[in-house]
Amino acid sequence: MATEALDTVEPGSAHYGQDILPLPRKDRYAGTLLMFWLWAGGNVLLTTFLLGGYYASALGLGGMIVATAAGSLLGCLWPALTGLRSARYGVDEYIGMRSTFGTYGSYIGVVLLVVINFGWIGILSQIAGNSGISAVRELSATASGSTGFGANWFTLFALICGIVIPVIMLYISPKTVFRLVKWAVPLLIVFAVILLGKLLADFSWGRLAAIRPDHSVTFAYAIEAAVAYNISWFPYMGSWNRFAKTQKAAFWGAWGGLTVVSILFAVIGGMAALAFKTADPSAWATGAGLGIPAIFIIVFSTIINCAMLFYASVMALKVAIPKVSYHLVVLLVAIPSIPFLYQGTLSAKFNDILTVVGALEAPYWGIALGDYFLLRRERLSVPDLYRRNGPYWFTSGFNLGAIVIWVLGVAAWLWLAGSTTLISWAQSFGTGVGVYNVITASTPVILGCALAYHAVGHRLGWALRSRPAASAPARPPGAAGARPAAGEGD
Amino acid sequence: MNDSRPQAPASQLQALRAIPARDMLVDPARLEAVLEEPDDDGRTSSLALAGWTIASLAAAVGAAIWWVATGR
Numbered sequence: 001m002a003t004e005a006l007d008t009v010e011p012g013s014a015h016y017g018q019d020i021l022p023l024p025r026k027d028r029y030a031g032t033l034l035m036f037w038l039w040a041g042g043n044v045l046l047t048t049f050l051l052g053g054y055y056a057s058a059l060g061l062g063g064m065i066v067a068t069a070a071g072s073l074l075g076c077l078w079p080a081l082t083g084l085r086s087a088r089y090g091v092d093e094y095i096g097m098r099s100t101f102g103t104y105g106s107y108i109g110v111v112l113l114v115v116i117n118f119g120w121i122g123i124l125s126q127i128a129g130n131s132g133i134s135a136v137r138e139l140s141a142t143a144s145g146s147t148g149f150g151a152n153w154f155t156l157f158a159l160i161c162g163i164v165i166p167v168i169m170l171y172i173s174p175k176t177v178f179r180l181v182k183w184a185v186p187l188l189i190v191f192a193v194i195l196l197g198k199l200l201a202d203f204s205w206g207r208l209a210a211i212r213p214d215h216s217v218t219f220a221y222a223i224e225a226a227v228a229y230n231i232s233w234f235p236y237m238g239s240w241n242r243f244a245k246t247q248k249a250a251f252w253g254a255w256g257g258l259t260v261v262s263i264l265f266a267v268i269g270g271m272a273a274l275a276f277k278t279a280d281p282s283a284w285a286t287g288a289g290l291g292i293p294a295i296f297i298i299v300f301s302t303i304i305n306c307a308m309l310f311y312a313s314v315m316a317l318k319v320a321i322p323k324v325s326y327h328l329v330v331l332l333v334a335i336p337s338i339p340f341l342y343q344g345t346l347s348a349k350f351n352d353i354l355t356v357v358g359a360l361e362a363p364y365w366g367i368a369l370g371d372y373f374l375l376r377r378e379r380l381s382v383p384d385l386y387r388r389n390g391p392y393w394f395t396s397g398f399n400l401g402a403i404v405i406w407v408l409g410v411a412a413w414l415w416l417a418g419s420t421t422l423i424s425w426a427q428s429f430g431t432g433v434g435v436y437n438v439i440t441a442s443t444p445v446i447l448g449c450a451l452a453y454h455a456v457g458h459r460l461g462w463a464l465r466s467r468p469a470a471s472a473p474a475r476p477p478g479a480a481g482a483r484p485a486a487g488e489g490d
Numbered sequence: 491m492n493d494s495r496p497q498a499p500a501s502q503l504q505a506l507r508a509i510p511a512r513d514m515l516v517d518p519a520r521l522e523a524v525l526e527e528p529d530d531d532g533r534t535s536s537l538a539l540a541g542w543t544i545a546s547l548a549a550a551v552g553a554a555i556w557w558v559a560t561g562r
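Chain order of the listed sequences is F and U.
With the numbering used here applied, the first sequence corresponds to residues 1 to 490, in that order.
With the numbering used here applied, the second sequence corresponds to residues 491 to 562, in that order.
Certain hints may be false.
[Unchecked claim] Footprint (simulated), chain F over chain U, 3 or more residues, beta carbon under 8 Å:
| # | stretch |
| --- | --- |
| 1 | 498-510 |
| 2 | 514-528 |
| 3 | 539-551 |
Source of the hints: derived by calculation from the structure; they are not laboratory data.
A quick note: this is a predicted structure, and the numbers were derived from the prediction, not measured.
Here a beta-carbon is modelled for each residue, glycine too, at the ideal position from N, C-alpha and C.
Excised from the complex, chain U in its bound form (with noise of 0.2 Å):
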């Protein structure tokens, strides 16, 4: 908590079982009957985002492109 750089759990469950009852905002039982460890199965990856959002980003420079290009 004294570094600025944020940290993930290395267990969601681990993490929930720290947190003083007190502070919950919701019923912690409730909470720990549904919380479960992300998924990475099933995930796109990261570079495959980022190629992504490059590539989207090159249409519409393209697209700003041919519009001047062709003196429209």
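Chain F on its own, in the form it takes in the complex (with noise of 0.2 Å):
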């Protein structure tokens, strides 16, 4: 056991970037510029496009850029600083999250992350298949425009695109993707750029600046979902992060990678929208005669996004149940996502994603961002992080201080946004609208709780926290190779 544990931690190791230890400093290889193209890669996505589409008619052409530039700095920065835990101490964020929500309490992020991937992960197979529809479509006009459960060519794009080749890249190995990050998206930039650009040759700046914004949704709702829509990245950082060599490069790259792709993307599709009346990139694009560029982006955006989300599902279940095999995890977690390439309008189940998003995750992260920065002051016991009975397990292995704080925080920030929503009873609840019309939901609950889990939260949990009825003998040094605790054991 001692053998094989020792090789898993080495990036030559077939089982690099598979173990649920702490990633050591000398085999963390991703610099500054590597993590810049892995979190621009992350959203590189076709729902960037949709953000930008989703309040450009509201706004207009300069509210649109305005709100997305403001919104995806403001949204970008909150993930990037709660993946700064995971680069300083090389372990994955639900490892890490336990210093706050206690062993198990981490867990609920785990349940989060993997229930939202599936949602997610459906999202973008679902586009990769009807854009695969449109670029057949273009080459042979007899083709079938089936998009029900099938054989047919949308079931190909989208499984294949979406499930299939992510599956076999981190079946193969997590370094495949920052190996596809390196080349494709640069590549996938310049194709976004020329996307720009053709749509300024067909629609001038003139006259797309000349549509008077309709006023349907208000200035704080366009920020608002481009802040959950970026902080949606929260549970992947911590995954991902612990490869970076160093902080600063964890930081800059995927604070700038995210938000300059959040930016460019969106502010494309907000022109597209207003030029073509619909946000869906695969019928603007092919309709824009871009086919070939856009089906490129379509691919390799909706490759690598899976593969990153698919690899956090994986290490957050590892995280969960250490003893299960990473490739059977690999396999397992795919299954559950297809379903969701046949359910349901994209427009709507992108609005019940982001309600999901903010209401959930902006209080469960603003609490982690609470503990980490302002209690914790960076500083963390990593063996603590993995026992029981230590400072992190408070009751039972769950934080309950945190824990109502989280759940006051949800209610918040359904009381701001619920009326924004599509849920019916979100909405009833949502009477806080004129609050929100000028502060927004996710970045207030995240603040919010944050300060509010520093000043009395952790106190809260700390005072309810059970105690062990004795404690044992430590350790002797050297003894290292004591046998952990019964049916826990990696």
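Assemble the dimeric complex from its two separately framed chains, guided by the hints.
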């Protein structure tokens, strides 16, 4: 067991990146530029086009650009900050999260991640399927346009790009994602600039700017959409940032990569929505005669993103169930996403996911920010992350103080933004729309939860903690081969 | 452990060796093999992080003021 253990953390090992133990600094190989390409690739995402199109008609060209820039800058900052914990200690997101929510409380985040991933991967794969049909129809007018379950072009594109290729890549190694983003993402950004140039050539800046805002949603709604969209990266930061050589590489790579691409792609999507009256990139890109670059973006962005999302799910499940085989989890975690490929309309699911992200993730990771930066001042005891009955054990593995603040944070988010969702009970709960239109929802909830946890939550969790019946003797120095608690060893 | 203020260990290795083996959720030998002190050299300072946070918040507030001021 020890021999297998020691080689799992070396970059040359076939098992690299498949283990939940800390990654030593010498084995973290991603510098600032590689982290930039990775996170830029994360936001080279078809739904990022949808983001700008979501509020472009309401705000007009100028308002759409300003809201996208401000919302992206802020929305990408929060995940970049939370990712620093994993970059500093080389641990997965949900190992690090044990210091905040308790050893088992961190599994709340695991559940959030895995469930939301099913929806995200379903949406991404669905767009890849629709775009694949558009591409095939450019080549052959008689090709079937069916999007139902069965043997058709939709299934082929959606399954291959969204599920099969990412699973194969991760099955080989998570390093394959770094290898792909290094050359694919710069090319994808060039193609996006070509799309922008083509749009401006066909629809001049003057024509787009002349379109009057219809005020169907408020400016605060647009800022909130950009923030909520980008904080959806919260659950994934730690899984990938632990590969960063330094904390600076992790922070600037993540913030820079996510922000630059969020602004570029959302603005292109917003302009296209103004020009073509649809936010669906598969419709307007092929309609503008940009089939080949658009298909390239669609295929590679889907592969990169689904691989990034799958890997975070796999590692999260490994944290919860350390004994399970990495390769088995890679295979199993993909299956529940498949039914989402065939469910509902794209825009309805997009709103639902933004709602879930904002309501559940904003307070959860806001508390994590408060715990790591305000309370612990970036100092953790790594061995205590891998034990029971320690300072991160709290009440039977749950920090009840953090959970109370989280529940209050979810309620605050729903009160502020519930009326903007498509969920009926949330709409009736969301009576704080007047406040929402001034301060939005996710950012104040993140900040409020961070401060409330620092002021009250941690003290409450500590006061309610369970105390071990008797302290057992510590291991003597050098007795490192002692066996772990039954059933929990990796 | 009687103080609610979080305490960071002076040494990660010493912290590991102070933990009873029966409490460990992973093999202590494996953890010890990869355990190291955090690196402060490649760190972005807390002041810089706070500064960027305030600047980003200010940018969002500025955007909202611009939206209202231009009467769109």
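Hints versus structure:
no. : hint    : result
1   : 498-510 : holds (count 9)
2   : 514-528 : holds (count 14)
3   : 539-551 : holds (count 7)
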